[in-house]
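The UniProt record's numbering numbers the first residue of the sequence shown as 1 and each following residue consecutively.
Simulated from the structure, these hints should not be mistaken for laboratory data. The beta-carbon is built from N, C-alpha and C at its ideal position, and this holds for glycine as well.
Label-pair restraints from in silico Cβ distances:
id, residue 1, residue 2, range
1, H208, A61, 42 to 50 Å
2, P137, A21, 24 to 32 Å
3, E10, E95, 37 to 45 Å
4, Q66, P137, 39 to 47 Å
5, D131, L63, 41 to 49 Å
6, D128, G93, 25 to 33 Å
7, A21, A115, 14 to 22 Å
8, E70, P132, 43 to 51 Å
9, T58, G93, 36 to 44 Å
10, A55, P132, 31 to 39 Å
11, E10, D131, 29 to 37 Å
12, G64, R130, 41 to 49 Å
13, G165, P132, 16 to 24 Å
14, G165, H208, 23 to 31 Å
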Amino acid sequence: GLGHTETSAERLDPAEGVVVASVDGASAVLADSGRDVAIGLPARGTHYAVDAAAAYATAHAVLGEQFDPEVAARALSAIPAVFGRGERVTVRGQEVDFVLVQNPASYQLNVDSIAPGTDRILFAIGSDVRDPSYFWPTDASSLGRVSIVSGSKADEAALMLAYDGVEIDRVEHDLGRALDDFLAGPAPTSGVKTIVFSADAMRRTRAHLGLTGAE
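Produce the entire structure from the sequences given, and follow the hints as far as they go.
Have a look at this one:
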């Protein structure tokens, strides 16, 4: 899987197949047998680019000579974010990014995808994380500072973040209060307000904010 790519001894020949040449936020460039194909991604992150490359290569293999790189690029670029996974929503008159984390690889890749310098972050881990030890193999130091840590596993999450050198302004166990205070707080000086959450905290967040679908 993607989590083991650095230690893989085998590499695809640059002249063959589809390679993720570069990723910049929610944009990527695929190298397809010497041709560069620019695509948009549903959300920020290398993992989305890898998924897009796999879909592109599969379509090419299935369609053969009927495959059109431009059509494939347009189709991939039109895919929206899905329910909490890197989606950007408008809540109470302001844009907010939702970042869902579910396991160590997902956690690391999604935390790494948050724009550097983002200075208004709410970090909420809920009851679905029965064993918080999965935090510890990951590195959240890139977050730098978190405004509020919340959820039923707030204490464990705050401890992990502290060990990674992340500054924490506040721990608030009541997720509803944390959300209200976070959204009522000052606008970010860099990026947009960002909520990082586990699946349980994501569902509770959406319910509290009245988001019933993948808006």
